[in-house]
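*Asks:* Spelled out, the chains give:
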Amino acid sequence: MRCYDCRKLIVLHLYGELEDEKRRRLEQHLGRCAACRRELEAFRTVRNRAAQKKPAGPSTRAIDEIRHAARVSIEDAGWGRRFYGARAGVLAVAASVLMIAAVATLVIRMGRGPTGPESQPPVILAEPPELSPNPDEGQIGAGDLPRQPDSLMQPVIVPAGLETRLANLEADTFYMGRELALETAPALDRRFQSLEDGVVRLGLEWEW
Amino acid sequence: MEPSHDDKLVAGYLAGDLAAFEELLARHRIGLFSYLRSMVGSKEDAEDLLQETFLRVIAALPRYRAKGKFRAWIYRIARNLAHDRARKLMVAGAPLKLATCNSAEAESGNVVFDLPDTAPSPRDVAMMHEKRDWIESAIQDLPEAQKEVFVLREYVGMPFKEIAALQRRPIGTVLARMHYALDKLRTELHEERESY
Chain X
665 MRCYDCRKLI
675 VLHLYGELED
685 EKRRRLEQHL
695 GRCAACRREL
705 EAFRTVRNRA
715 AQKKPAGPST
725 RAIDEIRHAA
735 RVSIEDAGWG
745 RRFYGARAGV
755 LAVAASVLMI
765 AAVATLVIRM
775 GRGPTGPESQ
785 PPVILAEPPE
795 LSPNPDEGQI
805 GAGDLPRQPD
815 SLMQPVIVPA
825 GLETRLANLE
835 ADTFYMGREL
845 ALETAPALDR
855 RFQSLEDGVV
865 RLGLEWEW
Chain E
106 MEPSHDDKLV
116 AGYLAGDLAA
126 FEELLARHRI
136 GLFSYLRSMV
146 GSKEDAEDLL
156 QETFLRVIAA
166 LPRYRAKGKF
176 RAWIYRIARN
186 LAHDRARKLM
196 VAGAPLKLAT
206 CNSAEAESGN
216 VVFDLPDTAP
226 SPRDVAMMHE
236 KRDWIESAIQ
246 DLPEAQKEVF
256 VLREYVGMPF
266 KEIAALQRRP
276 IGTVLARMHY
286 ALDKLRTELH
296 EERESY
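As given, the protein sequences belong to chains X and E, one line each in that order.
Position one of the first sequence corresponds to residue 665 (the numbering used here), numbered consecutively onward.
Position one of the second sequence corresponds to residue 106 (the numbering used here), numbered consecutively onward.
Chain E extracted, bound-state conformation:
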């Protein structure tokens, strides 16, 4: 099998080429960060998990077997870490709060995939109704499994087959989840247009 570009970069890094790692990081950091942020909600938690993911990747790279599936491998590590975090929160008895709308972030325009606060301030409500914020809250309101498929396909560019492998579900299930997600977003979009 022809090694993928990622596999070549991994080999380069293992041979001592730091620039190869830089390219790997550049190729995956935004996609991974978006994915993690959609999973955990807060920017800080997503950054922590992103760092943890790459630290695990760096430690495990010597054992990585190049099969052209680097992206699937790194996203599985990230997914496991996000699930670990959620489970630890549950074991610790803390409520599993996925995300809230952070006013400071919203002000800076950096809100990505944030859930609307359960008790939003009037200002937050107004912000949520702004056109530019519509897509984030609509995506964040999707059920977890549908949101994961939508974010991976739309923002990471992962093919449906790869998503099916990551979620360990048949591809038909993944396609149905995407269809439901698009359908819900279409309805939301329609309602949003009606309100203007």
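Just chain X, same shape as in the assembly:
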């Protein structure tokens, strides 16, 4: 093993992440190379110094607020379970009736054609301006999208090709515009995988 190879592995070795075979070869090299041995020792010293300063934790107030949110969430869910558990029979009948009514309404409306605000046509997302080759600079400013959806849940059509460019953006590259601003490329990427025909729904909530 040469010093060049050793230096590539020394960080993994320092943190105990090196596979057995490579570690054995590295240790052989370290046995006969004083320069690499010195580097490893220097890095160990840095680690020891870093370990002396353990990071402080957040304040009790911050943690209490998180606890409170968790408790409220669990109580809400528990209330739901109790409520539904006690009335499961009644609710099953009610749900069946509602489902039949919904299906009937849908059938009638399909016969009449689309009406109302929920049947808005999807927005077709046009090409954004050319992105910077450097992903860290690849932000798109407000107003760059030619048209914003009228509501947060209105479908948006992403044309083929643009989809790939969106997906190639960095995680911290955002589309900024009106209040509809919090979209990350990986989130879009996931939705492309889960929805067909390039139709995505832009919203303020992240999806995972």
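No wet-lab data here; the hints were simulated from the structure.
Predicted, not measured: the structure shown is a model, and the values here were computed from it.
Watch out, some of these pointers could steer you wrong.
Claimed, not checked - Okay, the calculated bits of chain E under chain X, using three or more residues with CB under 8 Å as the criterion:
1) 120-133
2) 136-145
3) 156-170
4) 259-270
Just so it is clear, CB atoms sit at the ideal spot from N, CA and C, and this is done for glycine as well.
Take the given structure of chain X and dock chain E to it, following the hints.
*Replies:* Below, chain E without anything else, positioned relative to chain X:
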């Protein structure tokens, strides 16, 4: 795949066990807080982001798919929030001030990862030269990407592969960043020893 301990705790919490959430919180709060503090500098901002992270986690847990990657998931949420905050500051036209040395915090000995003030007072300068403060300012002076790798590996204990996934970079890049970070800290340490 065998569910991780985190995944078991998530399942417990979703089944109504508050103690499971307490354990999740205990397992991740210090690491997450250190990470966020290294990203944003101030203790208050890091606490706000920590709360926001957990609020998002609580809201999204019913949709979480257990794959043994809870830590990666929660750190990605935290990272996105920290980047959101930085971007909002930039959009609002505010200067992106990462951190300054807060005298009150320094006095209490609670300074973690604080940058030295751009115009430090003599007292701050003296404090920065104290041995106990050396590591914080040295880490905070690292370039952002190197600092993130160093803090995640050293203080969070995240393996390099997981860091590479979080930063969306090849593992070679992450290892090189860590090597540069260690090298810079070694030089700083050497200079610090020389000054005593």
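*Asks:* So, for every hint listed, does it hold in this structure?
*Replies:* Going down the list of hints, with the structure as the test:
Only residues whose beta carbon comes within less than 8 Å of a beta carbon in chain X count, and the stretch 120-133 of chain E has 5; three or more means the coverage holds. Proximity of the stretch 136-145 of chain E to chain X, defined as three or more residues with a beta carbon under 8 Å from a beta carbon of that chain, is established by the 3 residues found. Given a C-beta distance limit of less than 8 Å, the hint that chain X covers the stretch 156-170 of chain E holds, as 9 residues qualify and 3 suffice. Requiring three or more residues with a Cβ within less than 8 Å of a Cβ of chain X, the coverage given for the stretch 259-270 of chain E holds, as 4 such residues are present.
When held up to the earlier numbered hints, the structure conflicts with none and fits them all.
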